[in-house]
Amino acid sequence: MRLPEAALVSGFISRGFRGRRRLPEDLAGRVPPGQYVEPGFPVLSAGPTPRIDLAEWRFRVAGLVARPQAWTWEEIRALPPSTFTGDIHCVTKWTKLDTTFTGVSVDTLLDAAEPLPEASHAVASSYGGYTTNLPLDDLSGGKAWVVWEFDGAPLAPEHGGPARLLVPHLYFWKSAKWVMGLRLLDHDAPGFWESLGYHNHGDPWLEERYWSD
Amino acid sequence: MAGRTVLERLTWRLARVVATRAETPRFVSLDLEVPGWPGHLPGQHLDVRLTAEDGYQAQRSYSIASAPAGERVAITVERLDDGEVSPYLAGDLRAGDLLELRGPIGGYFVWEPSLGGPLLLVAGGSGVVPLLAMARHRAATGSQVPTRLLYSSRSAADALARDELDRLARTDGSGFAVTHTFTREQPPGWTGYRRRIDPAMLEEVGWPPAARPLAYVCGPTRMVEAVATTLVELGHDPVRVRTERFGPTGG
Ligand SMILES: Cc1cc2nc3c(=O)[nH]c(=O)nc-3n(C[C@H](O)[C@H](O)[C@H](O)COP(=O)(O)OP(=O)(O)OC[C@H]3O[C@@H](n4cnc5c(N)ncnc54)[C@H](O)[C@@H]3O)c2cc1C
Numbered sequence: 001m002r003l004p005e006a007a008l009v010s011g012f013i014s015r016g017f018r019g020r021r022r023l024p025e026d027l028a029g030r031v032p033p034g035q036y037v038e039p040g041f042p043v044l045s046a047g048p049t050p051r052i053d054l055a056e057w058r059f060r061v062a063g064l065v066a067r068p069q070a071w072t073w074e075e076i077r078a079l080p081p082s083t084f085t086g087d088i089h090c091v092t093k094w095t096k097l098d099t100t101f102t103g104v105s106v107d108t109l110l111d112a113a114e115p116l117p118e119a120s121h122a123v124a125s126s127y128g129g130y131t132t133n134l135p136l137d138d139l140s141g142g143k144a145w146v147v148w149e150f151d152g153a154p155l156a157p158e159h160g161g162p163a164r165l166l167v168p169h170l171y172f173w174k175s176a177k178w179v180m181g182l183r184l185l186d187h188d189a190p191g192f193w194e195s196l197g198y199h200n201h202g203d204p205w206l207e208e209r210y211w212s213d
Numbered sequence: 001m002a003g004r005t006v007l008e009r010l011t012w013r014l015a016r017v018v019a020t021r022a023e024t025p026r027f028v029s030l031d032l033e034v035p036g037w038p039g040h041l042p043g044q045h046l047d048v049r050l051t052a053e054d055g056y057q058a059q060r061s062y063s064i065a066s067a068p069a070g071e072r073v074a075i076t077v078e079r080l081d082d083g084e085v086s087p088y089l090a091g092d093l094r095a096g097d098l099l100e101l102r103g104p105i106g107g108y109f110v111w112e113p114s115l116g117g118p119l120l121l122v123a124g125g126s127g128v129v130p131l132l133a134m135a136r137h138r139a140a141t142g143s144q145v146p147t148r149l150l151y152s153s154r155s156a157a158d159a160l161a162r163d164e165l166d167r168l169a170r171t172d173g174s175g176f177a178v179t180h181t182f183t184r185e186q187p188p189g190w191t192g193y194r195r196r197i198d199p200a201m202l203e204e205v206g207w208p209p210a211a212r213p214l215a216y217v218c219g220p221t222r223m224v225e226a227v228a229t230t231l232v233e234l235g236h237d238p239v240r241v242r243t244e245r246f247g248p249t250g251g
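Residue numbers (the numbering used here), protein chains in the order written: chain L, 1 to 213; chain U, 1 to 251.
Derived from the structure by calculation, the hints contain no laboratory data.
Hints may contain errors.
[What the hints assert, rightly or not] Covered stretches of chain U, going by a simulated chain L footprint (3 or more residues, C-beta under 8 Å): (1) 10 to 23; (2) 53 to 62; (3) 93 to 106; (4) 221 to 229; (5) 235 to 244.
Just so it is clear, CB atoms sit at the ideal spot from N, CA and C, and this is done for glycine as well.
Okay, chain L solo, but in the shape it has when bound (with noise of 0.2 Å):
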């Protein structure tokens, strides 16, 4: 038999295979196509963890704002708390069920910073070099915190504490582990893994892994 090109491919069933992690009914609407319920917390990342300093630590929130800002360690641990209970998925096909995350929400560090009214996009950047780049409205509107506690404790540095970027609601590669800062764009500006061939924009639900997803 010749194999068609990139075809048939739905109606294709793995013969023999039957699955076994599938999801209790209760969780079913809970999990994005294609992923799993992960009971650990894998790590995904380019590169080495990077060593911060914490006297050195700052986030920033610069590019089209009327007012930029630098919080130091202790200032931004002294704005309003804020914490997120819920799910994360994961590109590497993982979901994690019920976390808890608590630092400050990004519209509070928007509130301060004052975004121009042609601020459409923004830039996240992390110690180590990362970047990752979002539309504004995936990042205000209780959509997105800055977090250094998981679960509790202290963020674990290989998992982005400090401080890590939290936005939930996308794949987690667009939640910069040791973020130090946004820059407002007016345009879109794709960042490290969105232009290694990740998915622009990343909703798990419509399964955006990928540039032709």
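Using the hints provided, position chain U with the ligand relative to the given structure of chain L.
Relative to the frame of chain L, chain U with the ligand by itself:
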């Protein structure tokens, strides 16, 4: 750099299993023929999707083990007995079966001769797979980039491609060196390392920081964390240390 391949559309394709090979008691390689495969770079991976009769699907990622070679692609799967996908790939699939996949994926944890070296490859368990693709491509293209592979396995029987790697290292003037460490069980008369990769081992086996090696570290998360951190502490430039973590499981 890798734009050539990552720009291809990532459609799901049906591949045919050409052969299955038991590499070790726990590792099985699958040789696949993938009509329309756009080609890959060593270090990239592909996604596999299995579908049950009732429509239930499971997806997992597997690194490509083979050097680029037309529409032929090999993966090497470690069987986790309580896993969902790996026992099927490593136990149920037979030559002639079909398998749904898409790729290649990933444009950062890749190496090709034009990136130069010297190369330091550090592997734990199944993490050696993408590094094997690099070593195979390097040999196939006749690259002279000086390369050192440090490979941690539980025992000699668990080490993938041991003969092939030894042969590469014995080839005169190949510039390729391999060092094994067997953490749980050693063959009789073994005089090499018998412990987990640690700073002293990386200093002895790796390149001095002044050589500015390009390092690729792959394996279970904890091992990758420890090795990458150590390399930076030894003075290596963080931007020349590339990592791939296979998740919480593995060697
Ligand atoms: C980029 C990348 C490349 C990779 N390359 C390779 C490769 O070359 N070779 C390779 O062998 N692997 C590779 N992997 C790992 C691979 O994708 C799979 O994770 C691996 O094969 C295990 O899948 P599985 O379905 O068999 O196990 P899973 O069913 O996913 O389980 C994995 C482990 O977690 C435990 N577990 C999972 N869910 C539960 C639960 N609900 N309760 C209790 N325990 C649970 C299981 O006991 C098992 O030990 C790679 C991963 C990535 C991200």
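Going through the hints against the structure:
{"no.": "1", "hint": "10 to 23", "result": "holds (count 7)"}
{"no.": "2", "hint": "53 to 62", "result": "holds (count 7)"}
{"no.": "3", "hint": "93 to 106", "result": "holds (count 6)"}
{"no.": "4", "hint": "221 to 229", "result": "holds (count 5)"}
{"no.": "5", "hint": "235 to 244", "result": "holds (count 5)"}
In summary, the structure agrees with every hint in the numbered list given earlier.
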